[in-house]
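Asker: One letter stands for each residue in the lines below.
There are 2 protein chains.
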Amino acid sequence: MHTAKHVQQLRSSYIREILKAATADGVISLAGGLPAADLFPHMLLQEAMLKVANNRQVFQYGETRGYAPLLEHLSKTFNLQESHGTLVTTGSQQGLDLIARTYLNSEDHIAMEAPSYLGALQVFTLAQATINTVPQTPSGPDIKALKQLFESRQVKLFYAVPDFHNPTGISWSLQTRQEVARLCQTFNVTLIEDAPYRDLRFFGDDLPLVSSFCPDHSLVLRSSSKTSAPGLRLGSVTGPEEWITHLIRVKQTSDLHSSLPMQAALLEILTHPGFEQHLCNVRSHYHQRYQALSEAINTHLQSEVSFTKVEGGMFLWLKLAKGDPMQIAKMALKKGVAIVPGSVFYIEEDIQSPAIRLNFSYCKPEQLATAIQLLASVIALPK
Amino acid sequence: MHTAKHVQQLRSSYIREILKAATADGVISLAGGLPAADLFPHMLLQEAMLKVANNRQVFQYGETRGYAPLLEHLSKTFNLQESHGTLVTTGSQQGLDLIARTYLNSEDHIAMEAPSYLGALQVFTLAQATINTVPQTPSGPDIKALKQLFESRQVKLFYAVPDFHNPTGISWSLQTRQEVARLCQTFNVTLIEDAPYRDLRFFGDDLPLVSSFCPDHSLVLRSSSKTSAPGLRLGSVTGPEEWITHLIRVKQTSDLHSSLPMQAALLEILTHPGFEQHLCNVRSHYHQRYQALSEAINTHLQSEVSFTKVEGGMFLWLKLAKGDPMQIAKMALKKGVAIVPGSVFYIEEDIQSPAIRLNFSYCKPEQLATAIQLLASVIALPK
Chain D
0 MHTAKHVQQL
10 RSSYIREILK
20 AATADGVISL
30 AGGLPAADLF
40 PHMLLQEAML
50 KVANNRQVFQ
60 YGETRGYAPL
70 LEHLSKTFNL
80 QESHGTLVTT
90 GSQQGLDLIA
100 RTYLNSEDHI
110 AMEAPSYLGA
120 LQVFTLAQAT
130 INTVPQTPSG
140 PDIKALKQLF
150 ESRQVKLFYA
160 VPDFHNPTGI
170 SWSLQTRQEV
180 ARLCQTFNVT
190 LIEDAPYRDL
200 RFFGDDLPLV
210 SSFCPDHSLV
220 LRSSSKTSAP
230 GLRLGSVTGP
240 EEWITHLIRV
250 KQTSDLHSSL
260 PMQAALLEIL
270 THPGFEQHLC
280 NVRSHYHQRY
290 QALSEAINTH
300 LQSEVSFTKV
310 EGGMFLWLKL
320 AKGDPMQIAK
330 MALKKGVAIV
340 PGSVFYIEED
350 IQSPAIRLNF
360 SYCKPEQLAT
370 AIQLLASVIA
380 LPK
Chain H
0 MHTAKHVQQL
10 RSSYIREILK
20 AATADGVISL
30 AGGLPAADLF
40 PHMLLQEAML
50 KVANNRQVFQ
60 YGETRGYAPL
70 LEHLSKTFNL
80 QESHGTLVTT
90 GSQQGLDLIA
100 RTYLNSEDHI
110 AMEAPSYLGA
120 LQVFTLAQAT
130 INTVPQTPSG
140 PDIKALKQLF
150 ESRQVKLFYA
160 VPDFHNPTGI
170 SWSLQTRQEV
180 ARLCQTFNVT
190 LIEDAPYRDL
200 RFFGDDLPLV
210 SSFCPDHSLV
220 LRSSSKTSAP
230 GLRLGSVTGP
240 EEWITHLIRV
250 KQTSDLHSSL
260 PMQAALLEIL
270 THPGFEQHLC
280 NVRSHYHQRY
290 QALSEAINTH
300 LQSEVSFTKV
310 EGGMFLWLKL
320 AKGDPMQIAK
330 MALKKGVAIV
340 PGSVFYIEED
350 IQSPAIRLNF
360 SYCKPEQLAT
370 AIQLLASVIA
380 LPK
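Top line first, the protein sequences correspond to chains D and H.
Mapping of the first sequence onto numbering that gives the first Met the number 0: position 208 corresponds to residue 207, and the numbering continues sequentially without gaps.
Mapping of the second sequence onto numbering that gives the first Met the number 0: position 106 corresponds to residue 105, and the numbering continues sequentially without gaps.
Extracted from the complex, chain D is given alone in its bound form:
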């Protein structure tokens, strides 16, 4: 049986191969986007599972929108305005997929930064959207390029990760946030604000959500994967209630609803008195890991590379003075270090300077330092 045309357009991805290789024994992986399993709130998870085991309400079919007590908690926490609503999804990945399925006709124009999150590239490819990209600067998307794009064609959605971007780690400045919001309002573009790393700030002050400057032109994706545990597979979409209602109809057709025991467990975790302390702990460890990584880079790779400092999240984007990142990734893997070449985060030909993505959340500080030493031996090799 032949697959549909839109499935044939999905790139068979090198990142999947490298992620598979990265799980081999003895490989230090800076390749994936995994949170630190050793920092999961195991006591909270355990308590939550025990409580849910006694909750007889969560094993029957439920509402597509989500488990009512969790929805109520989330709406309060997100401080939603009255005309806005929440939908619980199977990870924020499903939220994005539902948005694309609900709102995009094939060939509709969408915009993203370049480079961008691979999972979003896949979603928009499957939806057969026309993908337009704007370059990223150290303070966010190039505003002039974004304005030109919005002027030149009717863009329906602008997908963005303004806090600790994947893959670059960049956080948008306040000014950029306000300017993007204004552009979305002026040109009637819906901002899809993907915020999975937002709670992982370990340096500097929180900045407002971009959507807070254009709430009626935005849908916000949040995830429990980086703050609680990804295995639960829970995220949410919030935005104008009318838009959420349409998403719910498509989610009902997709999977009826997300797991109820998991939703009840997440509520237990989020409302546990120890949850804030857990978050502080994760942030503090990620800070240490980031410092170990950046110090090792400065020690072993200084003349070969450059990078923009990050203030949170899980990734650092290492720009290379020379060399082919794909070759470097393959050679590094032979030395026992897995990394992702930057090219996989671009569509086709808009690749900028050569770079690699380094994840610093998954490995411990000493492993990160070792990894950079090994990587240095590869990058410094004469061509």
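Watch out, some of these pointers could steer you wrong.
Because identical chains cannot be distinguished in the list, a pair is counted as satisfied if it fits within a single copy or across any two copies.
[What the hints assert, rightly or not] Quick list of in silico lysine-lysine cross-link-like pairs, DSS-like style, CA-CA up to 27 Å:
(1) 318 to 75
(2) 19 to 318
(3) 4 to 50
(4) 363 to 4
(5) 155 to 4
(6) 146 to 333
(7) 50 to 333
(8) 146 to 363
(9) 19 to 334
Quick caveat, the hints were computed from the structure, so don't treat them as lab data.
Only a predicted model underlies this, so the values are computations on that prediction, with no experimental measurement involved.
Here the structure of chain D is known, so what remains is to put chain H in place on it, guided by the hints.
Answerer: Chain H only, in chain D's frame:
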């Protein structure tokens, strides 16, 4: 923001309104497709949750295909041939949606029986497929009509529920199973065998899966919702490994993977020594409920209705001698009984004789008897 064209084609469904009304206090609901919550394996669920709480492996991201120990168990239980594989999905609804997304181009022809499962109608509408229907006889689809359809155009998929069909409760005869399999092979049509009710046989002998007669022309959907608990949201797709591989790529884009703690919990339930006894218990109670329902119909409605006996599952299809099922459903709801008019299970104009769907799994025998008494007072009303 306007929804996509294919979303606008989703019918806003009366069944959703009636299901909402059915949850009101004092309403006896024969409307939904809910299993009996009082028969859920609560001890097994509880034990499973406790065990999983101590399993540190299930909280990290996992493989899209599913939790390896569960996959292994399922493959063995399903007795899969070597060239076939399994994918764990968020309920079998997601399995069906993934098949449509992965294999259907818009306007591709698919076939279904009429009437048919509403969730499948929604999936194929969203995929913009051209839906062809064949009438259902008491032993399965009308074989002559199916052959004519397969001859007249290239049908890509034939979606079917051969065991205890939703909404009619019909089970295909052995001969029909063999004939359908032969037709699928001859005309190169892929059978989508949806088997959520298959383990709920309370009378007569099991018949082979239709796909067992055409394994390389089939994908099989199974669900844990009717045998364990629907809140877990777990099902599976099995079939030729190459086809499963493509489904996995689309699932990765949809939601990365289904909840891992739920998959580990399901494995605990399925391998618990008490699971077979639990299944026997469910079947025996559903048999009692079905008997209470059919006896009440014979007592209170005999001259007004007819129905084909069922040997398992959750539904009975009541054909009416006269009257408008939609009107009857509305009047019954006023009396405190929720039912679903048969018309919602058809596309557009191929509605056959007037009928209503009665669920007998959710309510206890005495409630079912009361419901039919109340329904009789509505159906017998002079027009």
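Asker: Under the constraints set out in the numbered hints, which ones does this structure not fulfil?
Answerer: 1, 3, 4, 6, 7 and 8
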